[in-house]
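Colleague: Position chain B against the provided structure of chain A, taking the given hints into account.
2 protein chains.
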Amino acid sequence: MTEKDDHTIADLIHDETFDMDPEEIRKIGYQMVDLLVEYFKDMRTSAILPNKTLQEMSKLIYEPLPQNEQTADKILDECKKKIMPEMIRIGHPRLLGWILSSGTPVGAFADGVASALNQNVSVSGAGMATAVELLVIDWIKEIIGYDPCAAGLLVSGGSLANLTALTVARNMKANFNVRHCGMKQDRLDKNMVLYVSKEVHVCVPKAANILGIGTDNIRYVNVDHNLRVDTEDLRKKIVEDQKNGLHPFCVVASAGTVNTGAIDPLESIADICKQYDLWFHVDAAYGGFAALSSRLKPLLNGIERADSIAIDPHKWLFIPYEAGCVLVKNSSYMKQTFAMGAEYIHANTSPISNEDVDFSDYGIQLSRNFRALKIWMSLKQYGVLKYGRLIDQNVHLIQYFAALINETTDFETLTDPCLSIICFRFFPTDLQKMYNDSSSIQKEMISEYLNVLNRDIIECMRRDGRILLSSTILGKRFVLRACVVNYRTTKKDIVMILEIVRELGSKSDKKLRKPF
Amino acid sequence: MTEKDDHTIADLIHDETFDMDPEEIRKIGYQMVDLLVEYFKDMRTSAILPNKTLQEMSKLIYEPLPQNEQTADKILDECKKKIMPEMIRIGHPRLLGWILSSGTPVGAFADGVASALNQNVSVSGAGMATAVELLVIDWIKEIIGYDPCAAGLLVSGGSLANLTALTVARNMKANFNVRHCGMKQDRLDKNMVLYVSKEVHVCVPKAANILGIGTDNIRYVNVDHNLRVDTEDLRKKIVEDQKNGLHPFCVVASAGTVNTGAIDPLESIADICKQYDLWFHVDAAYGGFAALSSRLKPLLNGIERADSIAIDPHKWLFIPYEAGCVLVKNSSYMKQTFAMGAEYIHANTSPISNEDVDFSDYGIQLSRNFRALKIWMSLKQYGVLKYGRLIDQNVHLIQYFAALINETTDFETLTDPCLSIICFRFFPTDLQKMYNDSSSIQKEMISEYLNVLNRDIIECMRRDGRILLSSTILGKRFVLRACVVNYRTTKKDIVMILEIVRELGSKSDKKLRKPF
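Going down the list, the protein sequences come from chains A and B.
With the first letter of the first sequence counted as 1, position 349 gets the number 349 in this note's numbering; the numbers rise by one all the way through.
With the first letter of the second sequence counted as 1, position 300 gets the number 300 in this note's numbering; the numbers rise by one all the way through.
Looking at chain A on its own, in the form it has when it is part of the complex (with noise of 0.2 Å):
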């Protein structure tokens, strides 16, 4: 390269940059806070759903690749007036669907300080944000009890967490290094089995689609009238798998499941892996939390057993989306799944560098945020104390609901109350007077318009906006479906959840009953 191509070269460069004026950024910021305050103040009167469909939304917001510069205000202003108004309200003390968290404010502060100071939490040089994550995590390690030497991980949330431990599971159970010669299902007679609850996540048995265990060699295990597993029909199956020649590898159990909030008898599962040599995960997406809870931390009993556990901080820590966790009790476990070399990693080995933890050999990310933040920063502004006080009244609040429903003629529950869970239906009373005098004939009928009835409620409640719940399928019964994940909801909002259900079932009913 000649004096002249560096001359060309240079004459090329104009030293353009994306740097914005400090105090255009401070006003920037300034006026998002604005419109989060405005969000946040208004949460409890907004209506919880938009009222267009994903086709008019598409439309409002349609533009073509956007060719010139525009002005952060005027970005911010289309945020506020176009996409905001739009938003669902999780976080609003109403939306009892799905098990959605209201997320809490400083938490949401600390995401956008994060995305600022915009660490690579995998690098050598990120220390400190990987020593806020290790201390994060030992504070989880020690709300649930769980060995302080296990490893853990952060990651996007319950999907990431179990995958993550089951990818452990599958390579330290198998008989053959997974990791070199991949997955061997092919053998019939010695396929690697999962044991999992006919109540399991869905990420579950997709996990064991990607680790190539094939949804095959699933083994769903019967629940009791609690939807808890049936430890004895579990037993059998892993017996019965075993005097096949196949190899039961692994037992999932969950703390709380996503339908019921059932958490499995753990202690029993834990013997029996221990009897049967199986891994036994836990995935406590949900439910672990409930640890902070003096009061509901024994139904988690034998957590502390598990090989691995899957817990989510945007559940139950009310930490805005997205933070999962994974913990792995045997802590070099990860690393020996996961850790790979690579010469753009490794190869500074400097005294400043963090060799001993680097996060990316824990999972499957090797870019990784600094979500510890956020956790750190909520944790430490309400402490466990209040967060224990806060569990045990949502839990409260859905007995609570129950309480009030047992007291109607017009509803019914379909489960006990278990965590902050429970699911019911509209039925009027008329109805259930005339489905107890019934032929069997006229009481299926009766049932199959109960499953209208209540389809249509849940459509009506989208569009009414005052409240929201989700639904599930029980049986064969489609039933309504509260979570209470949620620190905003009181006495008042169980009440009105109530009497709203109830306004917008007779209207239904009225809609929709014909004779039988």
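Hints were generated in silico from the structure; no laboratory data involved.
Where hints are given, some of them may not hold.
Copies of one chain are not kept apart here, so a pair can be met inside one copy or by any two copies together.
As the list claims (entries may be wrong) - Derived DSS-like pairs: lysine-lysine, alpha-carbon spacing no greater than 27 Å straight-line:
no.	residue 1	residue 2
1	Lys82	Lys386
2	Lys335	Lys492
3	Lys386	Lys27
4	Lys511	Lys433
5	Lys243	Lys173
6	Lys433	Lys274
7	Lys476	Lys514
8	Lys386	Lys41
9	Lys335	Lys173
10	Lys82	Lys476
11	Lys329	Lys237
12	Lys491	Lys237
13	Lys297	Lys386
14	Lys80	Lys59
15	Lys27	Lys41
16	Lys386	Lys80
17	Lys81	Lys52
18	Lys198	Lys476
19	Lys386	Lys81
20	Lys491	Lys82
21	Lys510	Lys237
22	Lys511	Lys443
23	Lys274	Lys335
24	Lys74	Lys41
Modeller: Just chain B, lined up with the frame of chain A:
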């Protein structure tokens, strides 16, 4: 449940909440913005790396699990005093280590907004967040000239994007139903085989481990002197494996290798994949957005023929972590690979649910945050024309770097600059002369010394704090690696980097040199 029980439960509920006073939220929000403005303002003058060990940092922030509440003020102050000073300044104009990108301030604030809105971009109801994600994905497809009908998904980054794409590739190309049966890599003569470059990113073999393909079933294809896939070797390996009854199923090409920025010959690889019926995946995590520069776009010719693509907005779109994207040409394949039925998710089929686009059907995560917002805001703020100029400039800066080096007598480049990466090393003038006149034994001694010397430069650099490069190993040579994915870097920074490397190198040389 009697009325008395009801009252008892009601009495237990004190309607405690985590609510903060709106003005308190505003105050904290403004304080956070002020902190970040200072952080951005000081970016050019701050030390790049903290000078504490992980252990020291852990000690600095250690505290037992917080029991009691404390004010957000106090926590923020702690964040400011203990955490922020210890950040690695990713975004510093003279941090050219790894492929770490400088995030935009508006992108960072957008993450704060997204976390406050706390959308779960899988649930029906999150229609607007879904619409924004769809729009952003459409824009990305347009930028790289990909099929507008392709399906896409935002993920955490390149590791998940590649894993997601390879799961689809595996499931779609298998001669059996992987999803149900699991992987069958025990048939030795029938195993599914994956072809990658010797320069492939480490997340690809990691994916092969997770997917049960097994690293033994990866063929590492030779590279030419520019470190691009040698297509003749690729073809030879595929033919040989086919002849042996194996099942070649997928080639992973790189559009911008992490080591040197090399772009594999995409057109030729596409031809080979077509000829032998292999899935063609392109890892364009780093290089994909080079398409924003009309000058660079032709380098990516052939990418539009890929069956799937991984591309990272948190690299050359200057989006803060985490923001990756996976695209799959056949729009039904992602759903076929990942969609699971689950009552509690799909029971709602109301007119305002997004039944057509449930992103959890497209990949691994169920709960997903609103990461599209920061991409939407950043693309709108700068527009693709300015983006194109900045990316072009990043590439020119590295060419300028190469030109400067080639004018010196005490450095050598080890690769031609490709995209925005260059590998080089400090090679003192007298040693260059000595090397040329040396015997082969002496040459080897000098080579070894150069490795020691350049390794020491990296260590000194980390303590020095004014610049930061990374390093890699090419052949047996330990080399310095500079990568500009940074909108703040200017010509002056490049000149300064070279001067500082020389300064540090000369000092190290004085310290370490012994007579040969």
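Colleague: Taking the hints in turn, state whether each one holds.
Modeller: Comparing the hints with the structure gives:
1. Lys82 <-> Lys386: between (37 Å within a copy, 25 Å between copies)
2. Lys335 <-> Lys492: Neither, since 49 Å and 42 Å both go past 27 Å.
3. Lys386 <-> Lys27: between (35 Å within a copy, 23 Å between copies)
4. Lys511 <-> Lys433: This pair counts as within: shortest intra-copy Cα distance 20 Å, inter-copy 95 Å.
5. Lys243 <-> Lys173: within (18 Å within a copy, 34 Å between copies)
6. Lys433 <-> Lys274: Classified as neither; 50 Å inside a copy, 68 Å across copies.
7. Lys476 <-> Lys514: This pair counts as within: shortest intra-copy Cα distance 21 Å, inter-copy 83 Å.
8. Lys386 <-> Lys41: within (22 Å within a copy, 38 Å between copies)
9. Lys335 <-> Lys173: The answer is within: 15 Å in one copy meets 27 Å, while 30 Å across copies does not.
10. Lys82 <-> Lys476: Neither: 41 Å inside a chain and 56 Å across chains, both beyond 27 Å.
11. Lys329 <-> Lys237: within (26 Å within a copy, 42 Å between copies)
12. Lys491 <-> Lys237: neither (44 Å within a copy, 68 Å between copies)
13. Lys297 <-> Lys386: Within. Shortest intra-copy distance 15 Å satisfies the 27 Å Cα cut-off; inter-copy 55 Å does not.
14. Lys80 <-> Lys59: within (17 Å within a copy, 42 Å between copies)
15. Lys27 <-> Lys41: This pair counts as both: shortest intra-copy Cα distance 21 Å, inter-copy 14 Å.
16. Lys386 <-> Lys80: between (33 Å within a copy, 25 Å between copies)
17. Lys81 <-> Lys52: For Lys81 and Lys52, only the intra-copy Cα distance (14 Å) is at most 27 Å; the inter-copy one is 46 Å.
18. Lys198 <-> Lys476: within (15 Å within a copy, 55 Å between copies)
19. Lys386 <-> Lys81: Between copies only: 26 Å across chains, 36 Å inside a chain, cut-off 27 Å.
20. Lys491 <-> Lys82: Neither. Shortest intra-copy (34 Å) and inter-copy (41 Å) distances fail the 27 Å Cα cut-off.
21. Lys510 <-> Lys237: neither (49 Å within a copy, 71 Å between copies)
22. Lys511 <-> Lys443: within (21 Å within a copy, 92 Å between copies)
23. Lys274 <-> Lys335: within (23 Å within a copy, 38 Å between copies)
24. Lys74 <-> Lys41: This pair counts as both: shortest intra-copy Cα distance 23 Å, inter-copy 23 Å.
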